[in-house]
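**Student:** Read off the chains here:
There are 2 protein chains.
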Amino acid sequence: MKDCNIAVVGATGAVGKEFLKVLEERRFPVNHVRLLASRRSAGTSLSFNGVDLEVEETKPESFRGMDFAFISVNTELSKEMAPIAVEQGALVIDDSSAFRMFPDVPLVVPEINGQDVEEHQGIISIPNCCVTPMVMALYPLHCVNPISRIIVDTYQSVSGAGGEAVRGLSEQTEGLLQGKPVNLEGSLQQIGFNLFPHIGDFLSNNYTDEEQKMRDETLKIMHAPNIGISATCVRVPVYVSHSEAIHVEFESHMSPEEARKLLAVAPGVQVLDDSEKPEYPMPWYVAGTDQVFVGRIRKDQSHPNGLAMWVVADNLRKGAALNSLQIAEEVLKRDCLQPKGQRITSSINP
Amino acid sequence: MKDCNIAVVGATGAVGKEFLKVLEERRFPVNHVRLLASRRSAGTSLSFNGVDLEVEETKPESFRGMDFAFISVNTELSKEMAPIAVEQGALVIDDSSAFRMFPDVPLVVPEINGQDVEEHQGIISIPNCCVTPMVMALYPLHCVNPISRIIVDTYQSVSGAGGEAVRGLSEQTEGLLQGKPVNLEGSLQQIGFNLFPHIGDFLSNNYTDEEQKMRDETLKIMHAPNIGISATCVRVPVYVSHSEAIHVEFESHMSPEEARKLLAVAPGVQVLDDSEKPEYPMPWYVAGTDQVFVGRIRKDQSHPNGLAMWVVADNLRKGAALNSLQIAEEVLKRDCLQPKGQRITSSINP
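So the sequences go chain by chain: X and R.
Mapping of the first sequence onto numbering that gives the first Met the number 0: position 331 corresponds to residue 330, and the numbering continues sequentially without gaps.
Mapping of the second sequence onto numbering that gives the first Met the number 0: position 203 corresponds to residue 202, and the numbering continues sequentially without gaps.
In isolation and in its complexed conformation, chain X is listed as follows:
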């Protein structure tokens, strides 16, 4: 396995910084790391393996000679940059929703559909940070007993909305504790001591696009187009980790004991489920960890083949940075850095 040249686009963002940590921790074979960001952030530096690396402004030539380009910026910027990176020969692993539902872009959670990376044509997308924990918790069960329907309600942390939202939570909360009114400048809604069922844009079916992603991306990753899925996505005043209350229906009966056994051996999943102690996952404690934690597994008393459960994962790590790097590891393992077919740039820039 050769050492890789890696471009990290959006290096100064919350996910970008977490990506550098993960890259160090997992001893990915690195030759050269190039940190890229907007002009505004260029010139700052970030530490990687004990060395300060300067952040450069992203330019088309930034991707020359790169094996991988990890992109974690907004959707519009991803749409602009990914095709350029592909043209320059890099395999793009993209954190945005720009390409996820493209038929020729694999959408990958390595523990579930790692083999899909082999079909890439220059871009591999990582799922929405709420989708990854859910499929990690459900796919091991689905393999044994097909899932027919999923109801999920989320409790999503502000770091999923970026660094400004994180600062907003601190500033609003501090002000409110001092009795000051909230300054909503730059915020969608008050988040200090509040919450709101609105993440992303509203669609014509009155779901938000975040909720629609919960459905569409799950079906694509699990290769299970017939599962019914309905989600309500809610932003809560928590810094890191997304939590999810999940109610799942199977084709036939599955006991909580069987689900616990299956999840206990599922890669990347940790069962934390003891009503005696009691023990269940909570976002404050899950922050900074790599696993998807599952607890509160119980028979759904409203459905003969149903289970209810509670899932929490660090949205910056398994929800984003860690999953991105695991995809690169999967690509190297399967020796498919070069795409099989035509590069995807042609279909994006016709």
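By construction, these hints were calculated from the structure, which means they are not laboratory data.
Check the hints yourself; a few may be wrong.
Using 30 Å as the maximum straight-line C-alpha spacing, the simulated DSSO-like pairs for lysine-lysine come out as follows [unchecked claim]:
1) X:K20 to R:K179
2) X:K179 to R:K260
3) R:K16 to X:K179
4) X:K1 to X:K276
5) X:K276 to R:K78
6) R:K276 to R:K260
7) R:K260 to X:K16
8) X:K78 to X:K58
9) X:K179 to X:K260
10) X:K179 to R:K78
11) R:K332 to R:K276
12) R:K20 to X:K276
13) X:K179 to R:K276
As the structure is a prediction and not an experimental result, all values here were calculated from the model.
Fit chain R to the supplied structure of chain X, relying on the hints for placement.
**Tutor:** Then chain R, alone, in the frame of chain X:
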């Protein structure tokens, strides 16, 4: 209608104080108000209609001559005090879960099953503060198109856990903003910038009793024993108002438009549902109001006869104090202060 003598037990608690506000606002026919609490709180005073009333220690004779005893204390204390108050001739309206599921105790949300107050035998219970908003939002739909199943996940404020939990949220949050570790003394779990799926005690089916109440009490209030209900109840770092993501299945198809029309004319319900503006209820803004707010009404894309929605209500008002007083209003309207049958004390203290 004669003016009533009223005992308020737990007057210094969050619900007790809110009850005094509601009692003033709604111009309930009051002759005399007696504020009762533990020995610890005796001697303090609270303002009612511009007059400072002294809080007395609750004693058996405190209920002598009282028409109503509004009790908002913990379940153990309610079990102890309610029979004494009944024996002394008061009609008890109890906020605890002590008597709710007793066959001879009406469990009442006046807009839904007001007629049930006529069956009281000395005690009327008010529902759990999460149950009331849900039945307020669903019963008007159920009357037109019977509900077969409800999935609900809650986002419950700390005031539902009492004054100490409210102070805990402030203290923990302030400390965390200053980088101090959380002191968990007296708290179930960290609530500052955290949340947890654990309200009440765990039952043998691994639901919490709070979740089980969502099922059992809803069926009793709606007189609909066959609805399937599954809940996950979660405490969130919000001071006041409980929010709920609800997914409901009907016997036949119901459109979001029809649901909005039915809820628009339902007493005590306000539809706040506009994805264009956008507009939806949020706990910070619902706090201090009397209505149950419903938004995010949409067709459930995972079920042909399903709707998804988002419900928020002030847990101290419609969830507790307001509903209690509305029950008393219903009793006076129906002229049933005196019980029809034997007083319930006999079945409680055999």
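**Student:** Are there hints from earlier that the structure breaks, and if so, what are their numbers?
**Tutor:** 2, 4, 7, 9, 10, 11 and 12
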